[in-house]
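> Full structure from sequences and hints, please.
Residue numbers (my numbering), protein chains in the order written: chain F, 109 to 276; chain C, 102 to 708.
By construction, these hints were calculated from the structure, which means they are not laboratory data.
Treat the hints with caution; some may be incorrect.
Unchecked claim - Far from chain C, some chain F residues (derived; all Cβ distances over 10 Å):
(1) L124
(2) N136
(3) A164
(4) L266
As the list claims (entries may be wrong) - Stretch-level coverage of chain C by chain F, calculated; a stretch enters the list once three of its residues show a Cβ under 8 Å from a Cβ in chain F:
(5) 126-133
(6) 304-318
(7) 399-406
(8) 591-604
(9) 627-638
(10) 674-681
Said to hold, decoys possible - Below, computed lysine-lysine pairings styled on BS3-like, alpha-carbon distance capped at 27 Å:
(11) K689/C <-> K195/F
(12) K607/C <-> K577/C
(13) K577/C <-> K265/F
(14) K268/F <-> K667/C
(15) K265/F <-> K607/C
(16) K680/C <-> K265/F
(17) K668/C <-> K265/F
(18) K195/F <-> K268/F
Glycine included, each C-beta is placed from N, C-alpha and C at the ideal position.
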Amino acid sequence: MADCACQGNAKDDLDLTMLSVVFEAHANDPGALIPILQETQAILGYLPESALREIARQRDIPLSEVYGVASFYTQFHQEPRGETIVKICHGTACHVAGAPEITRAITEELGVGVGETSEDMRFTVEGVACIGCCGLAPVVVIGDQTHGAVDGASARKLAKQLTRKATR
Amino acid sequence: MTTAHSTSTGVTAEVIEIRVCAGTGCVANGSLEVAHRFDDAIEQAAAADRVRVVRTGCHGLCAKGPVVVVAPEGVFYPSVDVHAASDILEALLSGTGPAREHLYRESEDAEAIELYADIPFNTRQERIVLRNCGVIDPEDLGAARAAGTYEALRQTLENLTPSDVIEEMKKSGLRGRGGAGFTTGLKWQLAHDSEADIKYMICNADEGDPGAFMDRSLLEGDPHGVLEGMIIAAYAIGASEGYVYVRAEYPLAVTRLKKALADATAAGFLGTRILGSDFSFTIHVREGAGAFVCGEETALIASIEGHRGMPRPRPPFPTTSGLWNAPTCINNVETLANVAWIITHGAEAYASIGSATSCGTKVFALTGKVRHSGLVEVPFGLTVGELVHEVGGGCADGHEPKAVQIGGPSGGCLPASLFDTRIEYDALMSVGAIVGSGGMVVVDERTCMVELARYFLTFTQDESCGKCVPCRVGTKRMLEIVSRITEGHGEPGDIELLEELADVVKTTSLCGLGQTAPNPVLTTLRYFRDEYVEHVEEHRCRACACSALSTFVVVDSLCKGCGVCKKRCPVDAITGELKGIYVIDSEKCMKCGICETHCPFDAIERV
Ligand SMILES: Cc1cc2nc3c(=O)[nH]c(=O)nc-3n(C[C@H](O)[C@H](O)[C@H](O)COP(=O)(O)O)c2cc1C
Ligand code: FES
Numbered sequence: 109m110a111d112c113a114c115q116g117n118a119k120d121d122l123d124l125t126m127l128s129v130v131f132e133a134h135a136n137d138p139g140a141l142i143p144i145l146q147e148t149q150a151i152l153g154y155l156p157e158s159a160l161r162e163i164a165r166q167r168d169i170p171l172s173e174v175y176g177v178a179s180f181y182t183q184f185h186q187e188p189r190g191e192t193i194v195k196i197c198h199g200t201a202c203h204v205a206g207a208p209e210i211t212r213a214i215t216e217e218l219g220v221g222v223g224e225t226s227e228d229m230r231f232t233v234e235g236v237a238c239i240g241c242c243g244l245a246p247v248v249v250i251g252d253q254t255h256g257a258v259d260g261a262s263a264r265k266l267a268k269q270l271t272r273k274a275t276r
Numbered sequence: 102m103t104t105a106h107s108t109s110t111g112v113t114a115e116v117i118e119i120r121v122c123a124g125t126g127c128v129a130n131g132s133l134e135v136a137h138r139f140d141d142a143i144e145q146a147a148a149a150d151r152v153r154v155v156r157t158g159c160h161g162l163c164a165k166g167p168v169v170v171v172a173p174e175g176v177f178y179p180s181v182d183v184h185a186a187s188d189i190l191e192a193l194l195s196g197t198g199p200a201r202e203h204l205y206r207e208s209e210d211a212e213a214i215e216l217y218a219d220i221p222f223n224t225r226q227e228r229i230v231l232r233n234c235g236v237i238d239p240e241d242l243g244a245a246r247a248a249g250t251y252e253a254l255r256q257t258l259e260n261l262t263p264s265d266v267i268e269e270m271k272k273s274g275l276r277g278r279g280g281a282g283f284t285t286g287l288k289w290q291l292a293h294d295s296e297a298d299i300k301y302m303i304c305n306a307d308e309g310d311p312g313a314f315m316d317r318s319l320l321e322g323d324p325h326g327v328l329e330g331m332i333i334a335a336y337a338i339g340a341s342e343g344y345v346y347v348r349a350e351y352p353l354a355v356t357r358l359k360k361a362l363a364d365a366t367a368a369g370f371l372g373t374r375i376l377g378s379d380f381s382f383t384i385h386v387r388e389g390a391g392a393f394v395c396g397e398e399t400a401l402i403a404s405i406e407g408h409r410g411m412p413r414p415r416p417p418f419p420t421t422s423g424l425w426n427a428p429t430c431i432n433n434v435e436t437l438a439n440v441a442w443i444i445t446h447g448a449e450a451y452a453s454i455g456s457a458t459s460c461g462t463k464v465f466a467l468t469g470k471v472r473h474s475g476l477v478e479v480p481f482g483l484t485v486g487e488l489v490h491e492v493g494g495g496c497a498d499g500h501e502p503k504a505v506q507i508g509g510p511s512g513g514c515l516p517a518s519l520f521d522t523r524i525e526y527d528a529l530m531s532v533g534a535i536v537g538s539g540g541m542v543v544v545d546e547r548t549c550m551v552e553l554a555r556y557f558l559t560f561t562q563d564e565s566c567g568k569c570v571p572c573r574v575g576t577k578r579m580l581e582i583v584s585r586i587t588e589g590h591g592e593p594g595d596i597e598l599l600e601e602l603a604d605v606v607k608t609t610s611l612c613g614l615g616q617t618a619p620n621p622v623l624t625t626l627r628y629f630r631d632e633y634v635e636h637v638e639e640h641r642c643r644a645c646a647c648s649a650l651s652t653f654v655v656v657d658s659l660c661k662g663c664g665v666c667k668k669r670c671p672v673d674a675i676t677g678e679l680k681g682i683y684v685i686d687s688e689k690c691m692k693c694g695i696c697e698t699h700c701p702f703d704a705i706e707r708v
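Here it is in structure tokens:
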């Protein structure tokens, strides 16, 4: 593939040499674009434009294809994310057990909508479909801590603890 | 259902095994700390030669986690915390019988039940697929082998031709557990008959149904059991390479699967010339990246190839042209977990379980407003009501089940009046539901069926890959209509329009996602049409779940007069004095529900 002529407006000046291990590991694997994106995101925390360009160059495929894949899957993020990820389960069991109420409580308390990151980059709130502990519904995962049987009041408490920790 | 909890797993009579559930649900409830406490206490008592702790996969009764079962007898302790752990161990070591105060009781004043096999949750269950879940340490190949894993593989490679295996599968009546229910033996036959230099075997562990965790529990609880089935399948169809495609949100399953792969390879169950035969097979793990549609087989293949996970029209079916255009057989995790049992026990034994058209067992994730929520495995032929009431224990707090939603976003809602429907492929189909992958969510009168339909449509609309118009646009338009109905803006003719759209989306969408997306709407319309009509004509939601159609009131007897609601109300609709009674002006109230989530005493109610 010829180098893409457009320059984009990538301002990020990340060190992409870290990615060389990823490219080497998948050098002979034709279907490796998704694992490459996953590993890149694991290293950088998200997928900045410069990384997508580098992947396109290394794999000799159009940037549009890399972008197409990166934007298709919900796991990939093109923006940096907060330090703590708050996952609110929106699976069926959690939904009928009151996930909407919890969502309202948490987003209100944190001032961050679902799918958004707080301005100070402290937290990102995500809605996910089933975490696999439906028996404990409704479920919220903060960082790597799972909280079961949450209700509006306890959700608020959790969110408050989080903001308090963050300001400390 | 005594077989699963027998002592057949190599536990000698003298060694007591404390089986602590280390499945996702119990871990979230603190089971690892409990296991630690047992470890410490055993060390302190210098009893390691008599008692040992095993961290197992899911036992099933997630609602009562952390779950502990003491083998060989199978004594059951629910909701174990570190204090209970100390008591349990003390009782064990002193030989005075079980720690009675921590035994399971169906209700507070009921008799204690000692054995896990005897609790009502288990009496109708039959564990084939879950035979090792909750019994062995999933990270220990030795334990899996002691439980018989890989014996079926040995038997297959030594005594059976690929055609023999396929014949056996056909005779067993095993049908795919991933949703579509295609006969497994026939699928293997098709893949076997496709001539090619290279063929692929794929295990579908994308488990997309939001509210189901059967495949996750299997991979976490018995990864070798799944791998064994997959290797036998590969042998039958002649595949040399395989992939397990696991859902992104399942980190623990991925870890255990990878460990199992490495161990199985080191032990010669995978790799070149398996167990000295001519058969070679390797397995790669691919982690999904978060797209429901990738559970659909052609989309899954596109995803493994590194593309956007978009389905393509079939035929050609993957068994003819799949991964990199080679013949490919795709089976669900649970389907594969049945295979070794069938080889070991014979097709007849398997076919004798369940009913004539639906053989064997099915694992369900029984959740929602049911007392004993968790992972259950029951023979086909049980009725929905038996599952909900006997296994699930009905609803808690005097509520009655109103419906079950079976099969997630592709499935349907069955009203309580049809609870005598048998759990069988054809019987469920005839009432508009499906066996599906195994999500079963029980709802009571507090759930609005229109809102539930809206929930599933939101999901499918969000997950529609956008390739075909009926699904991309149709689900969007349907969602708009259902949303406005739940928001109190339903118009005459909306219900009919919804039905018409549902029909178009169902019949003209490219893949199973679109073809089944209208099902939750269609079945709620079929069985709960009154609720739709009430929303549209009377602006009333009988479940008080649609906030726009509810009136918020303060319950005087619960109100402590703290004034939080008044402070929080964004439109000053609440009046009252500290320590007095607060009142909501329903004219001013915009039904945002903020007071409800803020009230520390649950004193705000919807009527
Ligand atoms: C939208 C959609 C999602 C699906 N999701 C899954 C899934 O998560 N797991 C699964 O095993 N099958 C899923 N399937 C079914 C697969 O396409 C395929 O039929 C199945 O994996 C075949 O295995 P089986 O014959 O063993 O059931 C899905 C199908 C559709 C249309
Ligand atoms: S639905 Fe929330 S954990 Fe499964």
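> Tell me, which hint numbers fail for this structure?
Hints 8, 9, 10, 11, 13, 15 contradicted; others consistent.
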